[in-house]
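> Kindly produce the complete structure, drawing on both the sequences and the hints.
Each chain, written out:
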Amino acid sequence: MNEILIIARKELLSVVRERRVLFTTIILPIVIMPLLMFGPILLFGNVVQQTQESAQKVGVVGVPAVVLEELRKARVEPVEIANPQQVVQNREVEAALVFENGTYTLYGRLSGGATQSALVVQKVQGALRAYKDQVVAERLRAKGIGPEVLEPFKVETKDASREQEKAAGLFAFLIPYFLIVFIQAGGMPVAVDATAGEKEKGTLEALLAAPVPLVQILLGKGLAVFVMSLLSTFAAIAGLLLGGGVLRNFFAEQLQAVQDGENSVQLGGALALDPLGYLSIALTAVLFALLVIAIMISLGLYARTFKEAQSYMSPLMLVMIVPILFLQFSDFLQLQDWYFALPFVGVVLALDSIVKGAATAAQLGTTWASTLLYAGLALYLAYRNFQREDVVFRN
Amino acid sequence: MRVYDRLTGYEVLDFFGSFYDLWGPKLRERIAWAADLLHIEQSVLNKQVKDMSTGMRQKIVIARAILHQPQVLLLDEATAGLDVFARRALLDFVRAYVGLGKTLVYSTHVMSEAQEVCDRVGFVDKGLLVYEGSLQEALELGSGNLERAFIRRLEQAA
Numbered sequence: 001m002n003e004i005l006i007i008a009r010k011e012l013l014s015v016v017r018e019r020r021v022l023f024t025t026i027i028l029p030i031v032i033m034p035l036l037m038f039g040p041i042l043l044f045g046n047v048v049q050q051t052q053e054s055a056q057k058v059g060v061v062g063v064p065a066v067v068l069e070e071l072r073k074a075r076v077e078p079v080e081i082a083n084p085q086q087v088v089q090n091r092e093v094e095a096a097l098v099f100e101n102g103t104y105t106l107y108g109r110l111s112g113g114a115t116q117s118a119l120v121v122q123k124v125q126g127a128l129r130a131y132k133d134q135v136v137a138e139r140l141r142a143k144g145i146g147p148e149v150l151e152p153f154k155v156e157t158k159d160a161s162r163e164q165e166k167a168a169g170l171f172a173f174l175i176p177y178f179l180i181v182f183i184q185a186g187g188m189p190v191a192v193d194a195t196a197g198e199k200e201k202g203t204l205e206a207l208l209a210a211p212v213p214l215v216q217i218l219l220g221k222g223l224a225v226f227v228m229s230l231l232s233t234f235a236a237i238a239g240l241l242l243g244g245g246v247l248r249n250f251f252a253e254q255l256q257a258v259q260d261g262e263n264s265v266q267l268g269g270a271l272a273l274d275p276l277g278y279l280s281i282a283l284t285a286v287l288f289a290l291l292v293i294a295i296m297i298s299l300g301l302y303a304r305t306f307k308e309a310q311s312y313m314s315p316l317m318l319v320m321i322v323p324i325l326f327l328q329f330s331d332f333l334q335l336q337d338w339y340f341a342l343p344f345v346g347v348v349l350a351l352d353s354i355v356k357g358a359a360t361a362a363q364l365g366t367t368w369a370s371t372l373l374y375a376g377l378a379l380y381l382a383y384r385n386f387q388r389e390d391v392v393f394r395n
Numbered sequence: 001m002r003v004y005d006r007l008t009g010y011e012v013l014d015f016f017g018s019f020y021d022l023w024g025p026k027l028r029e030r031i032a033w034a035a036d037l038l039h040i041e042q043s044v045l046n047k048q049v050k051d052m053s054t055g056m057r058q059k060i061v062i063a064r065a066i067l068h069q070p071q072v073l074l075l076d077e078a079t080a081g082l083d084v085f086a087r088r089a090l091l092d093f094v095r096a097y098v099g100l101g102k103t104l105v106y107s108t109h110v111m112s113e114a115q116e117v118c119d120r121v122g123f124v125d126k127g128l129l130v131y132e133g134s135l136q137e138a139l140e141l142g143s144g145n146l147e148r149a150f151i152r153r154l155e156q157a158a
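Chain order of the listed sequences is A and B. Counting along the first sequence from 1, when you hit position 233 you're at 233 in the working numbering, and nothing is skipped either side. Counting along the second sequence from 1, when you hit position 116 you're at 116 in the working numbering, and nothing is skipped either side.
Since the hints were made in silico from the structure, they are not lab data.
Simulated pairs of lysine-lysine, DSS-like, Cα-Cα distance not exceeding 30 Å: (1) Lys158(A) / Lys123(A); (2) Lys123(A) / Lys57(A); (3) Lys102(B) / Lys26(B); (4) Lys132(A) / Lys158(A); (5) Lys132(A) / Lys143(A); (6) Lys201(A) / Lys126(B); (7) Lys132(A) / Lys57(A); (8) Lys307(A) / Lys47(B); (9) Lys132(A) / Lys73(A); (10) Lys201(A) / Lys47(B); (11) Lys307(A) / Lys50(B); (12) Lys50(B) / Lys201(A); (13) Lys143(A) / Lys73(A); (14) Lys57(A) / Lys73(A); (15) Lys73(A) / Lys154(A).
Pasting the structure below:
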């Protein structure tokens, strides 16, 4: 046991002295991740707010004066134009409104995600809706009918999600993503340095000549990778929580602007789990880390050089991210318990279920047992690799 | 000179010494003994290996190898790439280590070094030991010159 700790300490000491690695695994997640996650949303919030408060030019063709008045009320500035399609394309105006043969045609740049033009189109639509309601109400009044006839009943929609799921917001998706990405990204530099790095630098021979059982060398290196993986993951989550807190406390106005839009985005969020939920997340993350670390060490021992090891390990990230992409559609799937036994997929599903407060004991048990089994197999493979001279001295 | 370059000289010795049941004061004492034998100064021990000269690195590598005081030590081309002072210090170490009653196998292409530090000499050609004898016998074979002895032995073998 002592030898394992000595080897782990040596690996960590080497990493701590490498400022580049320390920066990318610990500092970067704390500083950059909140900016990456919330920066664009914040910027979008500002744009939404500005668009709502200021008046944008809207081209008009044949639009009656009463509608022009409604447009001005909705904070847009109507300007007479000749070719609506062209002026919108050329960005001379954000949108254009044409009235012809009783039809209003609205032009806007609506492709390519959230555009300012789309927001202006929403303002014009709002103005037209207000005018339409006004006309309908007047016509009904002329016939002696109250406007309430148009609304024979009310429709109310209520969110029936679990409290944890409501509170989690963006976290429901981000927690599995962050855990998985940072467990690998944080551990990779140490895994590469401790395996292929040692082979390339020629320092492995001296270590192998020391009177230490191979399995202890392997476990010592694994422990160092494990520590860095978890540190990096904690740093990323701390960065995310920090970013979320700053956003809610200092940029509440912009946040409100984004959340009030038609396609509102639930930003930040907070985990509302009981202690057992947090423990479950931690246990799932630890077991997953064991699996990833064992795979990375196995690949690193097989690789001849630093670069070769990186080229083997990078695709691993893609393999692990695929289940997260599918997670977006998990609501459309009828989840079976055996899905939780699938490598990587099970971990993603388990984390998602824990965060949403929907995990069952059977599902979690399946994920934990299967992940432990996969980790054991991967560790055994790494040990077998370490025993083979043709692998260790594959230069 | 392959050694963990981001550790200090002391940390390298501490790391490897720990595997030989050397702990606390005993380990510190052994590191001081190896440093003294190789003339490694404390300031060098406190430096990271990446900041050391080739000669200093070589001394750390050898100190690492003798921490557990092995009965037999094999040095292969130990002076390659060393400057005059570092080479001299290393050759002095070889004599000092042998003086402790240990056996040291010194592999080199530089015959003058072998002549200076060895008691017994062996010539290896194409992986085969073609001659073995005392230094005195080898010098007689080469009329007082070890390089000439080596060439003559190979000519005889051919």
